[in-house]
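Chemist: Read off the chains here:
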Amino acid sequence: MIGRVAILTGVLLLGGIPVAQAQSGSFTVPSSVAAGSAFSIATNGSGKGTLYIVGLEQVIKREVQLGGSAYFNAGSLHNAGHYMAILTGNGPVETRPLEVTPAAEPASLSFLARPSRLPVGLRDGITGAVYVFDSYRNLIAAPMPVDFELSSPSDAVQTRTVITRDGAAWTEMDSTAHQGNDKFMARIGNVTSTRIVGQVPGDPCGLQLTASPAGRDVKLDTAPVRDCSGNAVPDGTIVTFTEAYGSSQSTVDVPIKRGIAEVEMPAHPGAIISVASGVVMGNQIRWERQ
Amino acid sequence: MVKAAFIVGAMLSAVSALATAQATVRVEPAHLNGSRELAPQTAQAAIRDYLDAWRSMRAAFAQNRPDLLTADFIGTARDKLTDAIHEQAAAGVHTAYRDRAHDLQIVFYSPEGLSIELTDSVDYDVQVFDRDTLVSTQPVHARYIVVLTPAEVRWQVRVMQSQ
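Residue numbers (this note's numbering), protein chains in the order written: chain A, 708 to 997; chain B, 221 to 383.
If you are wondering where the hints come from, they were derived from the structure by calculation, not from laboratory data.
All C-beta atoms in this analysis are idealised placements derived from N, C-alpha and C, irrespective of residue type, glycine included.
A portion of the hints provided could be inaccurate.
[As the list claims (entries may be wrong)] With the Cβ distance kept under 8 Å, some of the chain B side facing chain A (calculated, not the full set):
1) ASP272
2) ASP287
3) LEU288
[Unchecked claim] A partial selection of chain A residues facing chain B, derived with a Cβ cut-off under 8 Å:
4) LEU816
5) LEU819
6) GLY832
7) THR834
8) ILE870
9) ARG872
10) TRP877
11) ASP881
12) GLY905
13) MET972
[Said to hold, decoys possible] Restraint ranges, calculated between C-beta atoms of paired labels, are given here:
14) B:HIS361 x A:LYS755: 31 to 41 Å
15) B:ARG318 x A:ASN897: 41 to 51 Å
16) A:ASP831 x B:THR244: 50 to 60 Å
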């Protein structure tokens, strides 16, 4: 009777707190509680006992008055996991399972975005993966939609919505057509995490060479060097000029300066002159003048 | 990608039913959520290191020595296990975990290669001692979600949470 009154009193005092499920034996334990929420464990009998909540994630030991309830305030059991509730007292030791589930509301995202810098115009070149956690750093395994968004000042926003599986979700995005810093954001509810992805010009595209006489030499110039999206290839990028004549060949590496590459090479009538940057070939010309 | 997952799964199945000193280990074919191919060597290394983590965790809880977690755990997992060991030490409690069987499956390899997620349906026994008195011995079956991240020479457990 005293135990029953104690339980009822606990219910009245705690209002919406999960109430212990009825179980046979000397104490009753909720089958599951949300991480960090308040709960109570009601005991039967009389005298003193010891209550243990044991798991890999947390260990709690309480001296209890048998016949009363042990109250656990909000936040006291906050790590999700499988626990055993063990009660020792005058009678035999009894054990009940207790599952602590992650809180329903996500509170943080672990967002891995790669790479931090890449060329423009790469299909599926940017990847993002998230793990979803509650406010106690418990992984929320229940499926939830995660919105990924890649935005840049000059291109359309790319969005994807992915449902988490076992707390994880991932996506791939295309790098945009224009160089600059893009914002890559993952969002779930009101929780967002943002990474900056730098997009740099791609390989030169349509590398164009012109030649003109310069005394006994030939002056070689490229047109402004741009990638296939029209972005200027950065100064310092190496352009290679090659002149082949007879059985000889000369090669000169020149960095781009102010958008173009230029060099003077000895003029050999009949020489074949070509230009390249990395693996990208430009045009070639045949030099006929003396 | 599916083909790669199948190959990895087939290779891992070949080494399924591995037996450690205490536990039987079964590795299910990988069921990958992700675009990155998982090399068999990577999968085997992650599983080996995860099982090593159980060994160090058992020792840490039995001896109330969180320092034994350092090599195998990092981040949230290490913090939570360390706190739990401190709590049981403060209460005069220690616990003996004996894992009997692991049923493992790799479920996610993040595209940038910086995390592997696996599930483990594990059977283990827990003995709870107060001072040196055995209070309880219980068999437990639980499903764990585990996230591992690479360190210099091994995979470390960053998240370990039963459901």
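Chemist: Please go over all the hints and tell whether each is borne out by the structure.
Modeler: Here's how the hints hold up against the structure:
no., hint, verdict
1, ASP272, "16 Å, violated"
2, ASP287, "17 Å, violated"
3, LEU288, "14 Å, violated"
4, LEU816, "13 Å, violated"
5, LEU819, "6 Å, holds"
6, GLY832, "11 Å, violated"
7, THR834, "4 Å, holds"
8, ILE870, "10 Å, violated"
9, ARG872, "5 Å, holds"
10, TRP877, "6 Å, holds"
11, ASP881, "14 Å, violated"
12, GLY905, "16 Å, violated"
13, MET972, "45 Å, violated"
14, B:HIS361 x A:LYS755: 31 to 41 Å, "32 Å, holds"
15, B:ARG318 x A:ASN897: 41 to 51 Å, "43 Å, holds"
16, A:ASP831 x B:THR244: 50 to 60 Å, "40 Å, violated"
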